[in-house]
Structures are given as structure tokens and as C-alpha cells.
Amino acid sequence: MSVSKKVQHSLDELRKKAEEAGIDIQDELKRIADKVEKTTSSAKAWKRVELARNPDRPRALDIISAICEDFVELHGDRHYGDDPALIGGVGVIDGIAVTIIANQKGRNLKETMARNGGMANPEGYRKALRLARQAEKFHRPIITLIDTQGAFPGLGAEERGIGEAIALNLREFSQLKTPIICIVIGEGGSGGALGIGVGDKIYMLENAVYSVISPEGYASILLRDSSKAKHAAAMMKITAEDILELKVCNGIIGEPAGGAHLDPKATSKAIREVIIKDLKDLMPRNPAVLVRYRNQKIRKFGHFTEE
Amino acid sequence: MSSTAAIDSIACPACKSSIDAHSLRLNLNVCPSCQYHFRMEAPDRVEYLADKDSFVEFYRNMKSLNPISMDGYEEKLFEAVQKSRLTEAVLTGTCTIDGIPIALAIMSFSFMGGSMGSVVGEKITRAIMIGVEKKCPVVIYATSGGARMQEGIFSLMQMAKTASAAAELDRAGLPLFLVLCDPTTGGVTASFAMLGDIIIAEPGALIGFAGPRVIEGTIKQSLPEGFQRAEFQLEKGFVDVICPRGEQRALLVRLLKMHGFTGQDKEGKR
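Note that the protein sequences, when read in sequence, are chains A and B. As numbered in this note's numbering, the first sequence has no gaps in its residue numbers, which increase by one up to the final residue, 307. As numbered in this note's numbering, the second sequence has no gaps in its residue numbers, which increase by one up to the final residue, 270.
Any given hint might turn out to be false.
Covered stretches of chain B (chain A as the covering partner; in silico rule of three or more C-beta atoms under 8 Å from a C-beta of chain A) [claimed, not checked]:
(1) 64-77
(2) 140-150
(3) 154-160
(4) 187-193
(5) 218-232
Quick caveat, the hints were computed from the structure, so don't treat them as lab data. What you are looking at is a predicted structure, and each value in this text was computed from that prediction instead of being measured. In this text, a Cβ means the ideal position worked out from N, Cα and C, and glycines have one as well.
Hey, can you work out the whole structure from these sequences and the hints?
Next up, the structure:
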């Protein structure tokens, strides 16, 4: 029995006894039940955050090598440089040539340093756009693998226009006349994730999270207490189940029990199956219709009333 | 500025001179001594920009439905409405400017930091779509701290939504003019604000993606003087022109005419 169920069980007993004794403790019981609910949902959401950030979790390049028969990494934005935090190239999946664009975190401390923890600079987003346009030219579908805390908040990133680079990707990806499948494989953080996150199909791995700001950021800015990150993680509705329920993603790709890091092979296999199925569905579609549907879907995001 | 009504004299944060509230207002909230640009509310900007009685407000009653049921968000919205002359962080509509019909969206920083949630995203999108439908130019005044975090993932998705609308205006061959005001940061910078065919900035406006404090936290040192200011962004190539508030109307009219829009031809010549 889980802790919350045990508490619930005790509360039920207490309620019975209080009723027998003729004491009204409904309000008190409700307060306790709310608190239990909040604590357990915080714990659940935070577990996902920890799994999404697990240092042993398969990274984009691990997944790419597992799902592709062949892959050639292509470098550089042709203007400024190459960003190792945001990688791309051409791969072959089930005989189909695809362009893959992905955030790459490191697999060890040295690589994490070299790849800036997967936090891309403007040249990363500009490389992504170059490769995306190339994909359109050669009628290749695009697969993006999202795994970043966010774009890099650094001096150089600002000087070279990180805002403009992301903005341009949002606009251009919405118009590309080729299928785009986006998969959040770990952390989907803010505009840095969305910068390669506009597509026809959005998936999340079971233990991936997708949010406008990190739970820590939310806690320190809006709750004015950075120690409330766990609480914020639940409030913000960032787990794959939450995002699916909010209809911001199309589906969840299951992970092995305990998380993707315990069986990277099985995780990659599940990803590959979803990609192949969707490619067969999306590739025969008229590109103009594909773009129209993509934009119709994007325009629907939001909840408001006009009364 | 909403605070100007109650206080008789205001100290300029730049030159420290004392300005009386009335003359500050007459001077479009610009310090008469040093030209420091105070923030300005959307309705005041409309009054300055639009031909007299030409502004028609659209979507005034659009309200957020608290999409992720965030505790305290509805109270916060209610408070923001009570404290301002606004119903949300952006005012949208149509007007003429020197007789030229335009679609207009003007943001207000005073309303929850100009943050973009479902309503701001939708109103910006619709203002752009008015341009597409009426074949008229779209002018947007941006000022924002970024995404409305209380709306979670939906606030992030407004970036994609407004960018998608900007793409449609592009395809229709119609101009999108942006005026970036202090401050323009976060998700607004990383979406429609950087997608203007022409990007104008107010002098001294802070314009960037990450906020200065976040960057300082990353690099563990303080930022150089003028970092992310309009003049810096001009130098780095992300802003077309810096234009003082009092000259913005004339500049917009010149640009609109150069793009083939005139007061006589209401459909706009293409």
C-alpha cells in the first residue's frame, strides 16, 4: 500500500470514529486530504524531473545510433560556427533518409562541458534551420530530439541574437513543406526546446518533462522560494501525462520500468517504431495540406473566453 | 503612466531632475531634460499614434481561463485588471495613422509584466490576421517580461502561435512593423517581436532573451554598461532603427508610404 493510501485509510477510520462520537471534523479531514494529495503529486512530478535529468539517461546521439542504419553528422551554421550543444545530420531509418536535429547533453563531465550541458547558442538554432531547409529541399522528413534545460543564457548568446534565432525557427519550421516529428526525450525547457519543437507530431518519452521554465525557476520567481521546486513541478503540469492531457503532445512513448537509462535499447526501439509508423502516415500527405494542418494545430493552443 | 495622476512631481531616474506630472505627460512620458523614456501605457500610445477617433478596439473582453488551474492566478488577473485601465497585457484593434488603415497591437508592461499567456498570444495572432484579411500593415508595440508562467506550457506555445501568424502575413506580402519598448525580453523577444520586417526600438529600451540577472547568474559577473539596451542591439544588428517616442508616428507614416500604403487608397496599393 502506498503512503497516500495508508493515510487515506487512517482518515477513513478517523472519520467513522468521529461520526460515532458525534464530532464534526469534515473540514479538518479535507485539509489533511488536500495536503496528502499535494505532497504525493509533488513527489510524482519530481520523480519524473529526476528521471528526465538522470545523467545515465540515453542522450540524443545514443538514440540516433540505435534508431538509424546510417547517420552522418553535419556541422556548422555557415555564419559563425558549430554548436556542439545542438547537433544535426542525415540518417537512414528503415530505409528512409531523414534529417535529424537534436539537443545533445554530455554523457560524462568532460562532454557535458564541451557541449555546454546541452544549452545551445544562436549558431545551434541557425544550424538547425539550415539543416531543416536542406531537408525540405531534398524532401526528407525531419526528426527532432529535444533534451535541454533551455537556450544558453550567456553573454555571447545575447550578442549574437538568441531571441532572433529562436523566433526565426518558430516561424520557418511552421512553414516547412516536409513532415516534422518532434520527440522530447528528456528535458523540454522553454524557448530553447521550442526552437526545435514546432512540428506535425509531438511526442514525449514517458519520463520526459516539458515546461515554460524549470521548476526551480518557477519556484524562485513566482513562489519566491527556490526550495519549493518540487511543489512547483506538480503545479506547472510538466509530465508527459500532463502534457498529453493538455493536448500539447500527440502521444507518450513508453519507457522500460524504472526509466530509459535501465534499458536504452528498448527505449530506442520504442522511439524507432513510433517514427516509422508516423513517417508512413505523414510522407504520402500533400505538403501544402501538411503545413496547413500544422498551423491550424498551433493556432489552437490557449484557453480563453470572449464573453 | 498610471502613477503620474497621483503624484505632482516625478524624479527622472536618469538625470534626477524633477519633472511635474503634467508636463511629463504632455511630453509623451519622456524627460524634457535628458530624453529618458519612461514607460507608457497602451491607451496613451493609441492616443498618440492613431488618428483622432479612428481606433476601434477588438477582443477587449477576451479573458484567460486559467488553463492549468494554477492557484492564485485568477486573483492575480483580477487585481491586474482593477489596478489598470486594461483587460489584458495587450490592446488590439484597427485605426488609421495619417489616414492609412493599420492593424495595431500595443502591449503594456504594467499588466502582469506584459507577460504573454493565452490571451496575449491570441490577440497578437488575431491582430496579425486582421492584416492578412484586410490587406493592411500590422504595427505592434512590444514590451514584456516574457511568458505568463502561470499558464505553464500554454504560455510557451503562444510563441509558436504568434510566429505562425507572422509567417502567414509574410506569405501575404504584408508588412509587420515592430516597435520594441522597455523592456522586451523572454518569449516575446524569441517570437513575434524579432519577426518584424522592420524593427524599431525606443531609446534605452532593454531588449534581450534572457534577463540581465539570469545572465549575471550564469557568467558570475556583472554585465557591461548598456548591455542589451536598444543602442547595443542596433550595434549588434538586431534592430533597424532607434527612434525617440515623439518621432515614431512620423517614421511609421513614412515607412508605411514607402511600402505602398496611402491614406487615399484604403485597400493599400501593392
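Against the structure, the hints come out as follows:
1. 64-77: holds (count 7)
2. 140-150: Since 3 is at least three, the answer is holds.
3. 154-160: Holds: 7 residues of the segment 154-160 of chain B have a Cβ under 8 Å from chain A.
4. 187-193: holds (count 6)
5. 218-232: Check passed, 5 qualifying residues.
Of the numbered hints listed earlier, not one is contradicted by the structure.
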